[in-house]
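The lines below spell out each chain.
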Amino acid sequence: MTLLAYDFLRNALIGALIIGLTAPAVGVYLVQRRMSLIGDGIGHIALTGVAIGFLTKTSPVLTAVIVAAVGAVSIELLRGYGRLSGDIALALLFYGGIAGGVLLIGLASDRSNANLLSYLFGSLLTTSTEDLIVIGALSVVVLVVTVGARPWLFAVCQDEEYARVAGLPVRALNLTLAVTAAVTVTVAMRGVGLLLVSALMVVPVATAQQVARGFAATMATSMGLGVGYAGVGVYVSFRLDVAPGAAIVVLGLAVFVAVAVVAAVTQGWRRSRIGVAIPKTLDE
Amino acid sequence: MTTMNRPPVPSEPSVRSVLWVADAVVSYGADPPALRRAQLKVVAGETVAVLGANGSGKSTLIRVALGLVPLVSGSVTLFGTPLRRFRDWKKIGYVPQRIGAASGVPATVREVVAAGRLVRQGLFRPASEVDRDAVDAAIAAVGLTELARDPVATLSGGQQQRTLIARALAGEPEMLVLDEPTVGVDVASQQNFTDTLRRFVRGGGTVVVVTHELGPLESLVNRAVVLHHGEVVHDGAVPVAGQATPTSDQVHPHARRDQGWLPPHGEVVRSRQA
Chain E
4 MTLLAYDFLR NALIGALIIG LTAPAVGVYL VQRRMSLIGD GIGHIALTGV
54 AIGFLTKTSP VLTAVIVAAV GAVSIELLRG YGRLSGDIAL ALLFYGGIAG
104 GVLLIGLASD RSNANLLSYL FGSLLTTSTE DLIVIGALSV VVLVVTVGAR
154 PWLFAVCQDE EYARVAGLPV RALNLTLAVT AAVTVTVAMR GVGLLLVSAL
204 MVVPVATAQQ VARGFAATMA TSMGLGVGYA GVGVYVSFRL DVAPGAAIVV
254 LGLAVFVAVA VVAAVTQGWR RSRIGVAIPK TLDE
Chain L
360 MTTMNRPPVP SEPSVRSVLW VADAVVSYGA DPPALRRAQL KVVAGETVAV
410 LGANGSGKST LIRVALGLVP LVSGSVTLFG TPLRRFRDWK KIGYVPQRIG
460 AASGVPATVR EVVAAGRLVR QGLFRPASEV DRDAVDAAIA AVGLTELARD
510 PVATLSGGQQ QRTLIARALA GEPEMLVLDE PTVGVDVASQ QNFTDTLRRF
560 VRGGGTVVVV THELGPLESL VNRAVVLHHG EVVHDGAVPV AGQATPTSDQ
610 VHPHARRDQG WLPPHGEVVR SRQA
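Protein sequence lines correspond, in order, to chains E and L. Going by the numbering used here, the letters in the first sequence line up with residues 4 to 287, in that order. Going by the numbering used here, the letters in the second sequence line up with residues 360 to 633, in that order.
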């Protein structure tokens, strides 16, 4: 492929593929727990971290990881104690995160808006080799946790009360997942941007769960889809000269719609052939 | 576990209990207390039914016993250890009312049942041959081997219930705690479920089952605890045992109260089974 002759493009492609593999591995747990939008919230909070990095002239990725992790743990603790209305608590944290970020970046006057935009929407094409090393190392950690601890994380996300009676360390597992999600958001922010991070965590899972029969299969399929979207998305973005993050997400959504339509048609066809409704849920 | 005969119902506090809830008071916010000094004591080998109408506090009582609902006052002891210090969760198999996240990410029957084995598997240890066999055996015990690779969301209510029972059995517990296991369950699954419990009891297991209708379980149960408005109003023989009632007329406290077998509100009757 002649495209790979360009260093920047090769880095962009490798970065995108790593993010495409990692994001759904975390996203599958968030979707299972019906917290699909939490990645978005963590992304908002991470923006404050980016701004703190600008302000203190340290690595924005490092400060973003720390602030996002603190935010994710706070959300998890609020959820766990159930004291506050979860909905309101999340809204306050999210808006606080994004407003704080914009405010702090304003104070760091030597930084231009272009820099802020590169974090909001991603700047895959400026991925350096050092960036790749950071992305790769953090992704390995995320994959070890999400794939290695799958039975335990699955048990907690699938039925938290049962997991507690089964003596699993529910609080510790929840916090591990929260921190892992925060790390993933910060890793993916370089590629698709904070505003689209959540899409890469959720959209491949939403597509995979329509065709897969089990949890492990959904996880594997969504990771495969994530890699595919990332690869094709980067190629398309280069060809059409559009933002790679947006290209990756739009591609993912297009595949989702296509699979949903095919699934609906085949299911309707099967149902009419058997002549009975397939029971879907336990709802009375 | 010994294969001794079913021990007598405890009449003295000195009899060693596997589950003991004493003077439990639970309150949800400003509502009237869900439990008012409720008692439940179960010894090894017993099969106890906790009966009551909706809102009687029967589910709250066992959720208290498992530490899922905090107590305002009172105490819980599991296998002789206060709940706060109890760590031996592999002795307890919990069957909640319904499957969690049924319409979230799909999960196969086997994946759900395997979650019940983790209590014995140990943290972050891959499943051994023994663990895998235990999961297969639990699935076979509830007759779902053919459906092990199917997503639970596509199963019937009865099959989903059996999946949850298999999950509890996979950890090879000494006591099963079941919350409304027969709600929305077809007759065939109820029978399968009763047979599964009977085998468990024959193996020396203890069963605590919360239900508002006993159905085929009636033949298994040897003591009934009836709750009404958060208080235990009956603790002893199964209310309908021995009475010639049509099978369609299940134990239902409201109906029974109208027929006059339940004691007046608030009065605790201790008519122990001989």
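Just to be clear, a hint being listed does not mean it is correct.
[As the list claims (entries may be wrong)] Derived pair list, reagent style EDC-like, types lysine to aspartate or glutamate, alpha-carbon separation capped at 20 Å: (1) L:K449 / E:E164; (2) L:K450 / E:E163; (3) L:K449 / L:E531.
[Stated by the list, open to error] Under 8 Å between C-beta atoms, here's a sample of chain L residues computed to sit facing chain E: (4) Y387; (5) L427; (6) P429; (7) R446.
If you are wondering where the hints come from, they were derived from the structure by calculation, not from laboratory data. Values in this document were obtained by computation on a predicted structure and should not be read as measured data. Every residue, glycine too, gets a C-beta built ideally from N, C-alpha and C.
| Hints violated by the structure (listed by number, smallest first) | Hints 4, 6 are the ones this structure does not satisfy, whereas the remaining hints hold.
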